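There are 2 protein chains.
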Amino acid sequence: MPSKLKKIFFLTFAASHLLTSLALHAVTPSAEEILAKSTPKDWRIPDQDNLLYMKLPQGMVIFELAPEFAPEHVSNIKLLAKEKYWDKLSVYRVHDNFVAQFGDPMAMESREGPNVKPLGSAREKLPAEFERSSIDVEFSKLPDVDGWAPQVGFSKGFAVGKDPKNNTMWLTHCYGMLGAGRFSAKDSSTGAELYMVIGQSPRQIDLNITSVGRVIQGAEFLSGLKRGTGVVGIYKTPEEYTPIEWIRLGTDLKAEQQVNVEILHTNSEIFKEIVEAKRNRVDDFYARPAGHIDLCNISVPVREQQAHLK
Amino acid sequence: MPSKLKKIFFLTFAASHLLTSLALHAVTPSAEEILAKSTPKDWRIPDQDNLLYMKLPQGMVIFELAPEFAPEHVSNIKLLAKEKYWDKLSVYRVHDNFVAQFGDPMAMESREGPNVKPLGSAREKLPAEFERSSIDVEFSKLPDVDGWAPQVGFSKGFAVGKDPKNNTMWLTHCYGMLGAGRFSAKDSSTGAELYMVIGQSPRQIDLNITSVGRVIQGAEFLSGLKRGTGVVGIYKTPEEYTPIEWIRLGTDLKAEQQVNVEILHTNSEIFKEIVEAKRNRVDDFYARPAGHIDLCNISVPVREQQAHLK
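Note that the protein sequences, when read in sequence, are chains E and D.
Positions 1 to 310 (the UniProt record's numbering) are the ones given, in order, by the first sequence.
Positions 1 to 310 (the UniProt record's numbering) are the ones given, in order, by the second sequence.
It is worth saying that the hints were derived from the structure and are not from the lab.
Worth double-checking, as some hints may not be accurate.
Just so you know, same-sequence chains aren't split out, so a pair can sit in one copy or run between any two.
[Claimed, not checked] With a straight-line Cα cutoff of 27 angstroms, these simulated BS3-like cross-link-like pairs (lysine-lysine) come out: (1) Lys236 to Lys226; (2) Lys125 to Lys226; (3) Lys55 to Lys236; (4) Lys117 to Lys236; (5) Lys84 to Lys272; (6) Lys226 to Lys88; (7) Lys41 to Lys272.
Being a predicted model, the structure only gives us computed values, none of them experimental.
Could you put the whole structure together from the sequences, leaning on the hints where they help?
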């Protein structure tokens with residue numbers, strides 16, 4: 001599995017130049033170099049019961065759910081997955097520079113109507129879960145200013161905003177964030193209609209909707225879909241929909257179907273070093289370090305489980 | 001042509017709810033409502049000589065070049081377009097959440113080599129044009145903090161950063177920004193290899209590369225391409241490349257091929273109102289206004305030329 005770490009050289013050739021430049025002047029270590037120093041305790045193995053696998057014809061998309069941020073929604077989503085709710089449903093909306101949305105096309109305008117697929121044992125009504133208490137919750141604060149939230153950083157692998165005055169914390173709409181689509185009423189999301197952010201982070205939606213997790217693998221199978229040409233990126237014809245073969249929790253898959261990954265602890269020193277290297281990148285390509293990084297420019301390293309952990 | 005204004009309702013049904021809610025409580029006017037008040041002087045017609053049309057099998061992508069920010073590069077790009085340099089070349093790299101890059105696949109690692117397409121009358125060597133003087137340059141400053149630049153805002157339709165201490169201004173790597181790929185040497189871009197930003201704005205590249213323009217139509221034909229699975233998103237096989245049918249300046253197209261658009265002046269009061277509405281959005285969907293907007297969350301309105309201007 002390819003690492004989620006982004007190489008930002010524009011041209012592959014740069015790698016050989018880098019070796020030369022290392023001898024000439026000090027450069028920021030790359031994320032790969034920093035990760036090479038990591039030890040087993042810097043990594044966690046996500047619970048397969050929190051991994052949502054979505055099988056598309058294009059490939060497998062895997063999300064990590066966030067029960068600590070949206071317990072009711074995640075619980076509903078788990079029920080829906082167990083009861084195979086999404087099998088044969090579709091990705092029916094791909095809105096450029098915004099979101100890819102999937103679920104039941106017949107329910108995109110209303111859950112009333114004869115053709116809407118019933119939710120089975122899952123609940124039709126959930127409370128809005130836009131934020132949670134920040135008290136006693138792990139939080140690794142970024143050093144830089146953020147215009148959208150008093151503080152931003154990471155909590156157990158998730159990009160979050162925090163308001164220390166009100167003791168609240170919430171998942172942020174960064175690229176790859178998984179959210180629960182809703183109608184106008186704040187409590188009208190069920191987790192049945194989900195969307196993933198595929199463009200510039202629409203942080204204005206933070207605190208206005210329930211976020212339920214984030215992608216850890218296969219984002220490109222959603223972000224690389226043809227955009228819908230209807231209103232708000234909904235496909236004009238059902239023929240354009242991307243069919244969902246199935247969606248399952250990792251625990252409901254056979255061992256050989258499960259993807260065995262480990263995710264860097266976002267409260268580790270190694271992660272802090274990676275963030276710092278990104279804030280002030282100097283290498284053969286980056287002549288001018290930014291002295292800053294935005295929350296949504298940081299990807300949390302995910303890799304195949306290493307032998308010592310298996 | 002669809003407006004570039006993004007509708008951010010999650011579900012189309014919301015529109016009818018909006019009518020109800022208008023009667024119930026104060027809502028922020030939508031961009032459409034604000035634009036309805038605009039007058040002809042709020043709009044400018046871009047110079048066809050600064051519009052770069054790229055014909056892909058998927059559709060037409062149109063960029064507005066920024067000669068005031070990168071005069072040497074834009075001049076080279078115009079020569080390349082006139083001499084049909086890009087015809088039958090390719091989009092050979094689509095790096096998820098980063099860039100779609102196009103030009104000559106044989107030149108992506110080096111401009112040396114027998115199979116590299118010659119640049120014709122265009123220059124092989126240009127100066128880096130990472131920034132320009134900000135003195136006497138139009139600038140509409142955003143009210144909000146930005147972590148990457150002392151000030152940010154818009155200059156003649158382009159999203160820019162500004163450093164008032166050093167009197168410099170530069171194009172920023174927002175979604176849709178068009179940049180000139182380079183090798184390790186700062187002055188190794190020619191404008192022949194171009195890329196468009198297709199993900200979370202990689203602002204760390206600001207001031208490290210020459211930006212030459214921005215997309216005004218058809219971004220989705222690049223952002224919606226299958227991602228490359230090779231290193232840095234380069235396609236592993238040439239069969240995966242998207243062929244470029246042709247790239248031309250608007251002035252070299254027949255009148256009926258030209259797209260006749262008008263772009264809202266970014267120093268107009270109307271644009272300021274739109275930004276303000278985005279900063280504090282309250283409507284049937286947005287219950288909690290952000291009190292902030294990021295530079296790269298603002299799209300500059302583009303529409304078909306209205307009758308009064310034709």
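Subject >> Within, between, both or neither: Lys226, Lys88 at alpha-carbon 27 angstroms >> reply: both (19 angstroms within a copy, 22 angstroms between copies)
Original post:
At most 27 angstroms between C-alpha atoms: does Lys125 with Lys226 qualify within a copy, between copies, both, or neither?
Top reply: Neither, since 32 angstroms and 37 angstroms both go past 27 angstroms.
**OP:** Can you give me the call for Lys236 and Lys226, within, between, both or neither, at a CA distance of at most 27 angstroms?
**Re:** both (12 angstroms within a copy, 21 angstroms between copies)
Original post:
Under a CA distance limit of 27 angstroms, which applies to Lys55 and Lys236: within one copy, between copies, both, or neither?
Top reply: So Lys55 and Lys236 pass the 27 angstroms test inside a copy (23 angstroms) and across (23 angstroms) alike.
**OP:** Evaluate Lys117 and Lys236 at a C-alpha cut-off of 27 angstroms and name the case that applies: within, between, both or neither.
**Re:** within (20 angstroms within a copy, 41 angstroms between copies)
**OP:** Could you place Lys41 and Lys272 in one of the four classes (within, between, both, neither) given a Cα distance threshold of 27 angstroms?
**Re:** within (15 angstroms within a copy, 50 angstroms between copies)
**OP:** Could you figure out if Lys84 and Lys272 sit no more than 27 angstroms apart (CA to CA) within one copy, between two copies, both or neither?
**Re:** neither (39 angstroms within a copy, 48 angstroms between copies)
In this structure, the hints that do not hold are numbers 2 and 5, in rising order.
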